[in-house]
Amino acid sequence: MSAITPPPFASRSLPRLEAREKVTGRIEYTHHLKLPGMLHGKIFRSTMPHAKIKSIDTTAAAALPGVYQVVTIDDIRKVIPNPYYGPAFHDQPILADGKVRFAGEPVAVVLAFDKKIAEEAAGLITAEYEELPAVFDEIEAMTAKVLVHDELKPAATFADLKYLKGKKGTNIALDYQLRRGDTEAAFARAEHVFEHTFRSQQVMHVPMEPFVSVADWQDGHLTLHTASQGPSFVRIEIARLLGLPENKVRVKVPYLGGGFGGKLYIKLEALVTALSMVAERPVKISLTMDEQFFMVTRHPCHFTIKSGLDASGKIIARHCEVIWNGGAYADIGPRVTQKAGFTSAGPYDIDNVTINSYAVYTNRPPCGALRGFGAPQTAWAYECHTDMIADALKMDRVEFRRKNMLREGRPQASGTPLRDAEIERAMDHVLDRMNWSAPFDRGSGNIKRGRGIGIGFKGITSPTTSVAIVNLNADGSCALYIGTVDMGQGSDTVMAQIAAQVLNLDPASIKVIHPDTDVTPYDMGTLGSRSTFHMGNAVRIAAEDAKQKIEVLARELGLPQGANLPLVDMMKQKYGMQAGNIIGTGTYLADYEKPDAQGQTTKGTPFWGVGAAGAEVEIDIETGAIKVTKLVNVADVGVALNPKAVQQQLSGAGIMQLGFTLTENMVFRDGQLTNGSLADYKIPTLLDMPKSFINEHVPNAYDAHGPFGAKGGGESTTIALSPAIGNAVADALGIRIYDLPITPEAIFRAMQEAKGAPLEEDA
Amino acid sequence: MAALEIAEPEKLDDAYTMLGTEEGSIRPMGGGTALMLMMKAQLFKPSKLVSLRKIEALTGFSLSVDASHIRIGAMTTFSELEQSPMIAQHLPVVTQTMKTLANVRVRNVATVGGNLAHGDPHLDLPPVWSALGASVRIVGVDGERVVPAEELFLGYYETVLAQGELIADISVPVRPGWRFFYAKVTTRAEHDWPALGLCVGVRAEGEVIADVSLVLSAAVDKPTRLKSAEAALRGVALSDAALAMAADAALAEVHIEGDGRGSAAYKQQLLRVHLGRAIKHVMQGSASA
Ligand SMILES: Cc1cc2nc3c(=O)[nH]c(=O)nc-3n(C[C@H](O)[C@H](O)[C@H](O)COP(=O)(O)OP(=O)(O)OC[C@H]3O[C@@H](n4cnc5c(N)ncnc54)[C@H](O)[C@@H]3O)c2cc1C
Numbered sequence: 000m001s002a003i004t005p006p007p008f009a010s011r012s013l014p015r016l017e018a019r020e021k022v023t024g025r026i027e028y029t030h031h032l033k034l035p036g037m038l039h040g041k042i043f044r045s046t047m048p049h050a051k052i053k054s055i056d057t058t059a060a061a062a063l064p065g066v067y068q069v070v071t072i073d074d075i076r077k078v079i080p081n082p083y084y085g086p087a088f089h090d091q092p093i094l095a096d097g098k099v100r101f102a103g104e105p106v107a108v109v110l111a112f113d114k115k116i117a118e119e120a121a122g123l124i125t126a127e128y129e130e131l132p133a134v135f136d137e138i139e140a141m142t143a144k145v146l147v148h149d150e151l152k153p154a155a156t157f158a159d160l161k162y163l164k165g166k167k168g169t170n171i172a173l174d175y176q177l178r179r180g181d182t183e184a185a186f187a188r189a190e191h192v193f194e195h196t197f198r199s200q201q202v203m204h205v206p207m208e209p210f211v212s213v214a215d216w217q218d219g220h221l222t223l224h225t226a227s228q229g230p231s232f233v234r235i236e237i238a239r240l241l242g243l244p245e246n247k248v249r250v251k252v253p254y255l256g257g258g259f260g261g262k263l264y265i266k267l268e269a270l271v272t273a274l275s276m277v278a279e280r281p282v283k284i285s286l287t288m289d290e291q292f293f294m295v296t297r298h299p300c301h302f303t304i305k306s307g308l309d310a311s312g313k314i315i316a317r318h319c320e321v322i323w324n325g326g327a328y329a330d331i332g333p334r335v336t337q338k339a340g341f342t343s344a345g346p347y348d349i350d351n352v353t354i355n356s357y358a359v360y361t362n363r364p365p366c367g368a369l370r371g372f373g374a375p376q377t378a379w380a381y382e383c384h385t386d387m388i389a390d391a392l393k394m395d396r397v398e399f400r401r402k403n404m405l406r407e408g409r410p411q412a413s414g415t416p417l418r419d420a421e422i423e424r425a426m427d428h429v430l431d432r433m434n435w436s437a438p439f440d441r442g443s444g445n446i447k448r449g450r451g452i453g454i455g456f457k458g459i460t461s462p463t464t465s466v467a468i469v470n471l472n473a474d475g476s477c478a479l480y481i482g483t484v485d486m487g488q489g490s491d492t493v494m495a496q497i498a499a500q501v502l503n504l505d506p507a508s509i510k511v512i513h514p515d516t517d518v519t520p521y522d523m524g525t526l527g528s529r530s531t532f533h534m535g536n537a538v539r540i541a542a543e544d545a546k547q548k549i550e551v552l553a554r555e556l557g558l559p560q561g562a563n564l565p566l567v568d569m570m571k572q573k574y575g576m577q578a579g580n581i582i583g584t585g586t587y588l589a590d591y592e593k594p595d596a597q598g599q600t601t602k603g604t605p606f607w608g609v610g611a612a613g614a615e616v617e618i619d620i621e622t623g624a625i626k627v628t629k630l631v632n633v634a635d636v637g638v639a640l641n642p643k644a645v646q647q648q649l650s651g652a653g654i655m656q657l658g659f660t661l662t663e664n665m666v667f668r669d670g671q672l673t674n675g676s677l678a679d680y681k682i683p684t685l686l687d688m689p690k691s692f693i694n695e696h697v698p699n700a701y702d703a704h705g706p707f708g709a710k711g712g713g714e715s716t717t718i719a720l721s722p723a724i725g726n727a728v729a730d731a732l733g734i735r736i737y738d739l740p741i742t743p744e745a746i747f748r749a750m751q752e753a754k755g756a757p758l759e760e761d762a
Numbered sequence: 000m001a002a003l004e005i006a007e008p009e010k011l012d013d014a015y016t017m018l019g020t021e022e023g024s025i026r027p028m029g030g031g032t033a034l035m036l037m038m039k040a041q042l043f044k045p046s047k048l049v050s051l052r053k054i055e056a057l058t059g060f061s062l063s064v065d066a067s068h069i070r071i072g073a074m075t076t077f078s079e080l081e082q083s084p085m086i087a088q089h090l091p092v093v094t095q096t097m098k099t100l101a102n103v104r105v106r107n108v109a110t111v112g113g114n115l116a117h118g119d120p121h122l123d124l125p126p127v128w129s130a131l132g133a134s135v136r137i138v139g140v141d142g143e144r145v146v147p148a149e150e151l152f153l154g155y156y157e158t159v160l161a162q163g164e165l166i167a168d169i170s171v172p173v174r175p176g177w178r179f180f181y182a183k184v185t186t187r188a189e190h191d192w193p194a195l196g197l198c199v200g201v202r203a204e205g206e207v208i209a210d211v212s213l214v215l216s217a218a219v220d221k222p223t224r225l226k227s228a229e230a231a232l233r234g235v236a237l238s239d240a241a242l243a244m245a246a247d248a249a250l251a252e253v254h255i256e257g258d259g260r261g262s263a264a265y266k267q268q269l270l271r272v273h274l275g276r277a278i279k280h281v282m283q284g285s286a287s288a
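Respectively, the protein sequence lines represent chains S and Y.
Counting from 0, one number per residue, gives the positions in the first sequence under numbering that gives the first Met the number 0.
Counting from 0, one number per residue, gives the positions in the second sequence under numbering that gives the first Met the number 0.
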């Protein structure tokens with residue numbers, strides 16, 4: 000195990016290895032890839048949210064000069080007899096199969112050598128539908144007669160979902176339950192009971208590089224070039240679809256222009272594979288920015304939280320009813336439902352907890368993982384709820400948190416004890432940066448000012464595995480073979496730093512080999528803040544293995560201890576010339592124990608992601624216009640191996656969540672997305688940044704199980720930001736906003752409502 | 000987007016010939032920024048675009064010898080206006096409006112003529128030209144005509160221009176003693192299309208609003224002069240009561256539409272608040288004008 004004092008590189012903000020190549024426009028992206036004889040595919044999409052397909056007329060499209068072929072599910076079935084895929088449920092057809100389940104679903108694809116012709120031809124396809132009643136709201140879907148799927152089809156890979164197989168007559172894909180203590184009895188003896196409901200809206204990842212994949216099917220084996228966060232999963236799932244061994248499917252991933260959880264599992268890969276098999280040519284599909292809204296999004300969430308407190312202000316019971324609107328296909332939603340459900344009672348020490356968390360199908364675009372894996376939606380509820388309770392009990396909002404806070408060693412709702420999780424220090428750091436104890440200007444005239452904080456945490460997907468190979472060439476130069484995808488977070492650099500630390504090399508001299516499943520070993524995926532911890536450990540182990548092999552070699556050669564002969568000389572002695580390799584391997588699987596039927600386990604997460612936030616807002620009470628004038632994000636990342644890269648992760652996650660809090664919202668009318676372009680779906684720009692924007696990690700934190708004390712930090716600052724702003728708004732106005740996003744109109748409406756003069760709604 | 004032809008005539012007559020008089024798939028192009036968006040969304044599929052960039056008669060902008068008005072050629076780009084000291088001196092509200100209009104890349108190519116001809120009620124400049132009392136010179140095979148900027152618009156994306164007609168230039172009066180301000184009210188992100196655009200001009204005599212010009216856009220289907228509100232304010236001393244009356248008059252005379260940037264009821268509130276604020280702002284003389 001590593002020493003408690005951070006190693007020397009830990010304070011080094013090494014510039015990214017690929018920085019020069021990126022800014023000079025030379026870096027490799029899938030978008031640049033062209034293969035000889037390659038066809039471009041353009042998707043024709045459903046205009047109906049829920050309908051039977053009566054017919055698809057492709058004649059005009061097929062007749063357009065330059066069109067190679069128009070493909071529907073009937074063609075695909077000839078090459079893939081059971082064309083359904085998905086990470087948790089095999090519920091998604093490669094193209095619509097007799098039915099469409101959301102407006103925007105792929106129905107057919109035009110193939111052409113010229114992308115523009117494919118596009119034009121796709122506009123000539125028509126489809127006839129028999130419209131079916133649809134369901135869009137998650138609460139309605141819980142009990143609706145309208146069924147999105149006739150039958151549940153859980154994937155065999157997840158043993159814990161087996162009980163759902165073949166279930167009919169429901170839109171509930173998964174019901175996660177956690178039971179701790181005796182919640183009912185505790186509510187019965189509680190002095191105070193509070194219940195509130197909060198909602199989060201549907202939003203999208205908006206990676207600057209839209210989805211893109213290329214498939215090349217030849218002689219019974221497949222090569223995929225794809226902008227994916229999880230090449231190993233892609234290989235396993237595609238091999239399953241095709242009935243091939245894994246070594247017949249090769250998945251290559253260059254750099255990504257952002258992923259944020261969207262580019263996980265199977266996205267375009269199944270479609271381009273099928274198309275390449277049908278056309279017997281390489282096929283590429285690159286989505287437009289606007290089409291991304293129909294690929295994968297973030298779950299709208301409806302969360303009713305109820306707490307019982309004793310007379311002293313201690314929370315003794317909590318009931319969480321969390322409903323996730325998963326859209327038309329499950330994607331990884333059932334896992335979001337479980338993992339975010341698991342921490343939905345918040346970072347508080349509560350003896351009696353009941354959690355019900357439901358993944359629900361609706362006729363909306365599918366929802367999956369997005370930076371935080373559901374934790375931001377739950378924290379929006381539990382941290383607003385925290386302030387509301389403190390206010391009602393006339394307790395100080397900070398002291399109320401301290402009184403109830405979950406502390407080191409104490410069991411969280413699942414029974415897993417808190418370990419190396421700096422919740423209180425993160426909060427204190429926020430308070431310090433907010434100058435919390437100084438007098439606060441509450442504004443004047445039509446401007447009211449307020450401030451608020453939030454704290455939150457998340458568990459990390461488990462059990463997951465990472466494998467790394469360290470290869471030392473005969474000249475002593477080093478290459479690192481890993482499946483971690485560098486999508487902008489700087490993983491190449493940090494992994495090189497870890498290997499360099501063990502092997503005493505210059506990290507900038509290490510070559511990181513990018514994911515290529517023919518070359519790089521297995522990794523679960525670049526997701527859920529897991530890479531620095533899991534892959535970082537695998538790299539450390541692999542480097543230590545290589546180091547040990549060098550020591551063995553030195554002994555073999557009879558070198559005196561501490562001779563420190565350069566590797567190249569040792570290799571020459573051993574092989575008679577500059578030849579051979581030293582190969583170190585490392586596999587890391589975090590300690591895990593499956594929860595019991597009550598959701599209880601002592602090892603539910605390999606580490607805890609911890610975030611705290613503070614916000615100051617200014618509100619124009621005549622219009623509801625809101626400005627976040629100060630925003631503080633603090634995360635516990637253990638030891639920051641590359642402080643600069645960490646800081647960028649914290650601020651990046653913060654900006655993203657700021658958009659999800661104030662501006663971003665996928666608006667639907669009768670199941671049709673009405674603002675599916677960046678002109679109308681507003682992500683924050685530089686002009687929306689708070690004047691004071693502070694992003695820091697908790698100093699001197701240490702995760703005993705992480706590589707050199709480090710843990711992940713890519714999501715932590717998404718968790719507590721929304722409630723910090725919601726609480727600041729309430730602090731300014733004395734009015735609570737329950738639904739995200741907090742728009743000026745939402746604020747103004749809430750103010751009018753409070754005055755008893757509600758604003759009229761549009762018809 | 001399918002392939003298309005782009006012609007670049009150097010003479011107006013050639014442009015008229017190319018455009019013809021039948022509505023169809025041939026259109027003039029200024030900076031092409033609005034056309035490109037419509038083409039990407041497949042709302043418009045041109046067979047041919049007639050670029051106006053080589054026609055000298057449509058370029059340039061200058062102050063008249065008597066300094067009474069400024070002529071701005073249709074092909075003048077936004078950046079040219081934004082960076083002009085002459086415009087900053089005589090039409091400071093135009094310089095002010097440019098700062099939050101689109102972005103540098105768009106402003107470098109978007110043209111005054113294309114902007115007017117587009118007829119999108121969310122654009123920032125049409126209410127400004129209207130409030131300033133600009134007139135638009137329209138040319139075509141049958142000769143030319145001049146229409147006030149505020150009469151150019153018939154409705155949502157609709158103008159009085161016929162196929163084959165071109166905007167040649169606009170003439171903007173220089174109005175000594177007046178101060179103008181354009182309020183671009185965004186509600187979703189700082190940088191956005193306006194939920195409400197409001198151009199306000201006043202000629203103040205002390206505390207009295209001697210004359211006033213008010214044009215509303217974005218919340219309505221075309222830039223619309225708030226005549227009753229103007230009447231309510233003309234000759235009146237500035238007071239909160241006067242502003243409230245003007246706001247009531249404005250709300251009574253226009254039909255406000257809700258959209259993704261705000262419901263109708265909310266936009267009414269925005270109009271009420273921002274009308275008052277904009278007038279106070281120009282009366283205090285701290286306006287851009
Ligand atoms: C990213 C982006 C952001 C934007 N943000 C804003 C904003 O914040 N505020 C704002 O106000 N606008 C904004 N715009 C819109 C922009 O102002 C308009 O696209 C621009 O003014 C149109 O001018 P153009 O010269 O490019 O027109 P073009 O695209 O060339 O033409 C537009 C229309 O006018 C016709 N036309 C062009 N010139 C003439 C002429 N001389 N006579 C007759 N007809 C003609 C064309 O046939 C076409 O129908 C934005 C645009 C983009 C792309």
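Just to be clear, a hint being listed does not mean it is correct.
[To be verified] Chain S is faced by these chain Y residues, among others (derived, beta-carbon under 10 Å): (1) D65; (2) A66; (3) A194; (4) A248; (5) E252; (6) G261; (7) Q283.
Since the hints were derived computationally from the structure, they do not count as laboratory data.
All values derive from a computational prediction rather than experimental measurement.
Note that the Cβ used here is the ideal one computed from N, Cα and C, for glycine as well.
(message) Would the hint on Y:A194 be counted as holding, given a Cβ-Cβ threshold of 10 Å to chain S?
(response) OK, holds: Y:A194 within 10 Å of chain S, min 9 Å.
(request) Using 10 Å as the Cβ threshold, decide whether Y:A248 counts as touching chain S. (result) With Cβ-Cβ at 19 Å, over 10 Å, it is violated.
(request) So, Y:Q283 near chain S? Judge it on the closest CB pair being under 10 Å. (result) violated (15 Å)
(message) Interface hint check: Y:D65, Cβ to nearest Cβ on chain S, cutoff 10 Å. Holds or violated?
(response) violated (41 Å)
(message) Hint validation: Y:A66 versus chain S, beta carbon distance must be below 10 Å. Holds or violated?
(response) violated (36 Å)
(request) Identify whether the interface hint at Y:E252 stands, where standing means a beta carbon of chain S within less than 10 Å of its own. (result) Violated, because the Cβ-Cβ distance from Y:E252 to chain S comes to roughly 19 Å (cut-off 10 Å).
(request) Would you settle whether the hint for Y:G261 is holds or violated, based on the nearest Cβ-Cβ distance to chain S being less than 10 Å? (result) holds (5 Å)
In summary, the structure is inconsistent with hints 1, 2, 4, 5, 7 from the numbered list given earlier, while agreeing with the others.
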